[in-house]
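Residues per chain, in single letters:
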Amino acid sequence: MNRTALILLAALAIAIPLSLLAGQVWINPLAPQNANALPILLELRAPRAALALVIGAGLGASGAAMQGYLRNPLADPGLFGIAPMAALGAVLSFATGLTLALPVFALIGAAGAMAGLGLIAAGNARSTALFTLAGLMLASLAGALTSLIISLAPNPFAMSEIVTWLMGSLADRSWADVAIAAPPTALGLILLARAGPALDALTLGEDTARSLGFSPSRLLWLMVLGVGLVVGAGVAVTGIIGFVGLMVPHLVRPFTDQRPSSLLGPSALGGALLLLVADCLCRVLPLSGGELRLGIALSLIGAPFFLRLLLRLRSELA
Amino acid sequence: MIPQHPALAAENLTVPGRLLGVSAALQPGTLTMICGPNGAGKTTLLRALAGLQPGPVTLGDTPLSALPPRRRAQAIGYLPQHGEAAWNLTAEALVRLGRLPHRTSRAADDAACHAALAALDCTHLALRPVHTLSGGERARVALARVLAGQPHWILADEPLASLDLAQARALLRHLRQLADQGTGVVLVAHSLAHAMNHADHVIVLHQGRVAASGPPQQALAAHILDEVWGVTGQWLGPPGARALSL
Numbered sequence: 000m001n002r003t004a005l006i007l008l009a010a011l012a013i014a015i016p017l018s019l020l021a022g023q024v025w026i027n028p029l030a031p032q033n034a035n036a037l038p039i040l041l042e043l044r045a046p047r048a049a050l051a052l053v054i055g056a057g058l059g060a061s062g063a064a065m066q067g068y069l070r071n072p073l074a075d076p077g078l079f080g081i082a083p084m085a086a087l088g089a090v091l092s093f094a095t096g097l098t099l100a101l102p103v104f105a106l107i108g109a110a111g112a113m114a115g116l117g118l119i120a121a122g123n124a125r126s127t128a129l130f131t132l133a134g135l136m137l138a139s140l141a142g143a144l145t146s147l148i149i150s151l152a153p154n155p156f157a158m159s160e161i162v163t164w165l166m167g168s169l170a171d172r173s174w175a176d177v178a179i180a181a182p183p184t185a186l187g188l189i190l191l192a193r194a195g196p197a198l199d200a201l202t203l204g205e206d207t208a209r210s211l212g213f214s215p216s217r218l219l220w221l222m223v224l225g226v227g228l229v230v231g232a233g234v235a236v237t238g239i240i241g242f243v244g245l246m247v248p249h250l251v252r253p254f255t256d257q258r259p260s261s262l263l264g265p266s267a268l269g270g271a272l273l274l275l276v277a278d279c280l281c282r283v284l285p286l287s288g289g290e291l292r293l294g295i296a297l298s299l300i301g302a303p304f305f306l307r308l309l310l311r312l313r314s315e316l317a
Numbered sequence: 000m001i002p003q004h005p006a007l008a009a010e011n012l013t014v015p016g017r018l019l020g021v022s023a024a025l026q027p028g029t030l031t032m033i034c035g036p037n038g039a040g041k042t043t044l045l046r047a048l049a050g051l052q053p054g055p056v057t058l059g060d061t062p063l064s065a066l067p068p069r070r071r072a073q074a075i076g077y078l079p080q081h082g083e084a085a086w087n088l089t090a091e092a093l094v095r096l097g098r099l100p101h102r103t104s105r106a107a108d109d110a111a112c113h114a115a116l117a118a119l120d121c122t123h124l125a126l127r128p129v130h131t132l133s134g135g136e137r138a139r140v141a142l143a144r145v146l147a148g149q150p151h152w153i154l155a156d157e158p159l160a161s162l163d164l165a166q167a168r169a170l171l172r173h174l175r176q177l178a179d180q181g182t183g184v185v186l187v188a189h190s191l192a193h194a195m196n197h198a199d200h201v202i203v204l205h206q207g208r209v210a211a212s213g214p215p216q217q218a219l220a221a222h223i224l225d226e227v228w229g230v231t232g233q234w235l236g237p238p239g240a241r242a243l244s245l
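Listed in order, the protein sequences are those of chains A and B.
Residues in the first sequence are numbered consecutively from 0, following numbering that gives the first Met the number 0.
Residues in the second sequence are numbered consecutively from 0, following numbering that gives the first Met the number 0.
The shape of chain B in the complex, shown without the other chains (with noise of 0.2 Å):
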């Protein structure tokens, strides 16, 4: 049986300069990725929808504001876009940020730090100092952190900007099963084809509105491309294939 988390929703999100009038309805259980051009306000929609950014974001029934920020953090992970870790903490001791928000016993702890980092094939990195580990490394260690949280939610930035094809695609498998086991998942993310491939709900914005909303195919139809970047592109295969040449 998979448990059933609350949503997540911004109505009518405007933050001065960024959004304007943004809805968004985020059903848990599945992957979307929010799209767009450099600018467009992915990151403050994903900040706003974090509660880092005031605004008209409920969780259930209940509006984050008024949630206590502690379980506001045991519900919502978020992963930043540029989280240097300021000392040079072993990997492990990194990992365990995340358990932050929970009053668990050590044991409980171990155990959930040990899955997340054992889910991102990071369990040999545990003891490394995370100024040695290479950009790849550090994105999957970064990512472990906010999974030893056991979040309802996974809110990340850009967590596939510095990691090759390979690493991405083994990012994206692991983030499809926590979708599929009833996790939301939330990412921003700048590479269509990943989107086109992977996502189950794509939300595109554009000059802080929301451009298009919807399946992949549908968000990011050619007239939508060519509205909101500029390029033209083409369906490859038979309706329905996840497959787009730009």
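Just chain A, same shape as in the assembly (with noise of 0.2 Å):
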């Protein structure tokens, strides 16, 4: 384990307790005033951090896998298609009544993306440009059919209810959510550990990857199963969180010597901090009429962080 690894488990070491006791309810571990500290503490706030830790961990991992697999830093877990995807099955959960289900559906939604993804790209040999076309394709569809869904929905109340969901959110989720998130994201991250290897051979190109061995169709079933599972899981019981996966290897890939199989782990472990703290933040921040949505505030951050790495990318290429 490098020094990187270290310092971001040490911030999780930190983080964790505080989130604990942060939010509309502080609570005094010294002193709890409070009779429902206990409660709060275990039903509300222990969930809540723990699917942060895992939502965290998956989507800061599979933006590495991503940047790696198509050797951009720009790319991002949510140019897939799969997280667009999973929502448009969220939804449709929400217009057929069957809400109780919603996981299912994003599941499906996800898996549908990923065998879309590879049957397209699959046995190409210039599989990652078709991979990202393809992707890109599946957003815009899954978008549409979104909004259709929403434009066709019975009263405003359901329409608000699609609408709020879609922004991302770990208010209120419980123990049962943490179950159904992190067996898929564990073994989603299992199998982008696995494709480490084949994404440092990419470092010199597809043809170079292949001459050290590695095969690309191999390589790209990893990926999308893997960034399948563990972005399906998190739409499944969050909704779409933009912009971690894009985020945390841009900061953590300066600390690691560059390979992408060195990057996937501290990412994971970024992303969980990232999530943590800020949806913490969301919490604690004053809003009239609830709390902040996880999902605007990263993306409120994620913008103008995006438009920075760019004016940075502009200014190398001049």
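Just so you know, these hints were derived from the structure itself, not from any lab.
One thing to keep in mind: the hints can contain errors.
Here are the in silico distance ranges between beta carbons for each label pair [to be verified]:
| # | chain 1 | residue 1 | chain 2 | residue 2 | range |
| --- | --- | --- | --- | --- | --- |
| 1 | A | A9 | B | A114 | 32 to 40 Å |
| 2 | B | H81 | A | A9 | 39 to 47 Å |
| 3 | A | L135 | B | S133 | 34 to 42 Å |
| 4 | A | A100 | B | A106 | 51 to 59 Å |
| 5 | B | L126 | A | F304 | 26 to 34 Å |
| 6 | B | R127 | A | L306 | 29 to 37 Å |
Model, not experiment: these values are computed from the prediction.
Ideal placement from N, C-alpha and C gives every residue a C-beta, glycine not left out.
Using the hints, build the complex out of the two chains.
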């Protein structure tokens, strides 16, 4: 384990207990005056923190893997079209009134996106370029269908329910949600870790990676399944949370040796930390009518970050 | 005792639009250069010999397509013409990628990487990020990556393109040493002077076919130069001297 990972682990060790104490009701661990302190901790904040760690780790690692796969520091798991397809599945569950089965619908949406990507791009020597284009196509199709379902909503109440859910949040999530998200995320992370050496080889291009003995189609499937499971699980329980997968690998990369495989672990830890801290801030920010939605907060941070990256790239190209 | 590695051969290789019935038998322990005008199919032939392009290519008695990818990668090192590193690794980390086909101990990997860096006079560059290296330094580090894999065959696409005269000569000297030690070396080269002065065997491709194949004096004879490149060449010095005036 390298120093970057150790520092991130230490930061998590501090942030996790703090996140349990912070919120609309502040809990003093030395003198808990609130009679509901224990239920708040165990039933509200602990699952929320656990979910932030699970989803954040998945988004961070899948972002790092995507950037390695596409050899592009501006890549993001959202580009794959997997998140929008998962969201489409979730929105369908609202439209059909089967909201209890929402996670199943979202995972089916993600699986549909993965199958589509795999079938379009597999077996082609230039699979990364096809992959990106297929992902963009799926994303715009899913976006259009999602808008269609929203516009056909039977009443304003249903419409607002869908729109609010799409914004992404960890509020009011329970241990049941953790149980839904954690297993697919863990499996996805294992698959992405297995893709590590092939991603390293891809640093020098597809031909070199193949000449080093790596199969492009095996890597494609590892990526599709790994990112699909992680992102699908995330969308299934929290809605769409963007920019984590873009920002975290960027922030962490300068502290690694830049190989994609050595970026995966620190990005997972960094993603977990970012989501945990951002969720805490959402909870404690005073906002009339509830709390700031996590998805909105991260987009508000992420968009300027993306702009700064673009400007830096522009000056490097000039 | 020089180890005898298996030979690499293409038999009647056809790639639609690129190569038409190309056969080439390459011997380990020799330095072969593939020459020809732009678009003659040089890169396609090299990729096929590296197993990156499907075709009837054999390593020893085994068709490349029947070889497990990892075994093939251990036997054949390939250096593409454009192999820009997407990430700003250090030269050492980049060279270490050449060890990916091997499942050896960290110490063995270290030793192979250090030997490869030293062989190409890159030891002092080991900790430099590759994006800060000059064109010539990058070309040497890229070749060191291939050497680190200790392949039986080294297939390189225009490795001399970005090197100045002195660097190109130093690199060729090193490749010659490897060939003398039993490695098969195959280069795509634009410079006929390099081919004339350094190759054991020259394959001249023209419009997807083999126009000539043999020792440089024979494969780059005046009528071949005229037929393939449309230039008049003249031998300097007595027959057998390796000098060519274009």
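Hint check:
no., hint, verdict
1, A9/A with A114/B: 32 to 40 Å, "holds, 39 Å"
2, H81/B with A9/A: 39 to 47 Å, "holds, 42 Å"
3, L135/A with S133/B: 34 to 42 Å, "holds, 37 Å"
4, A100/A with A106/B: 51 to 59 Å, "holds, 54 Å"
5, L126/B with F304/A: 26 to 34 Å, "holds, 30 Å"
6, R127/B with L306/A: 29 to 37 Å, "holds, 31 Å"
Checked against the numbered hints given earlier, this structure breaks none of them.
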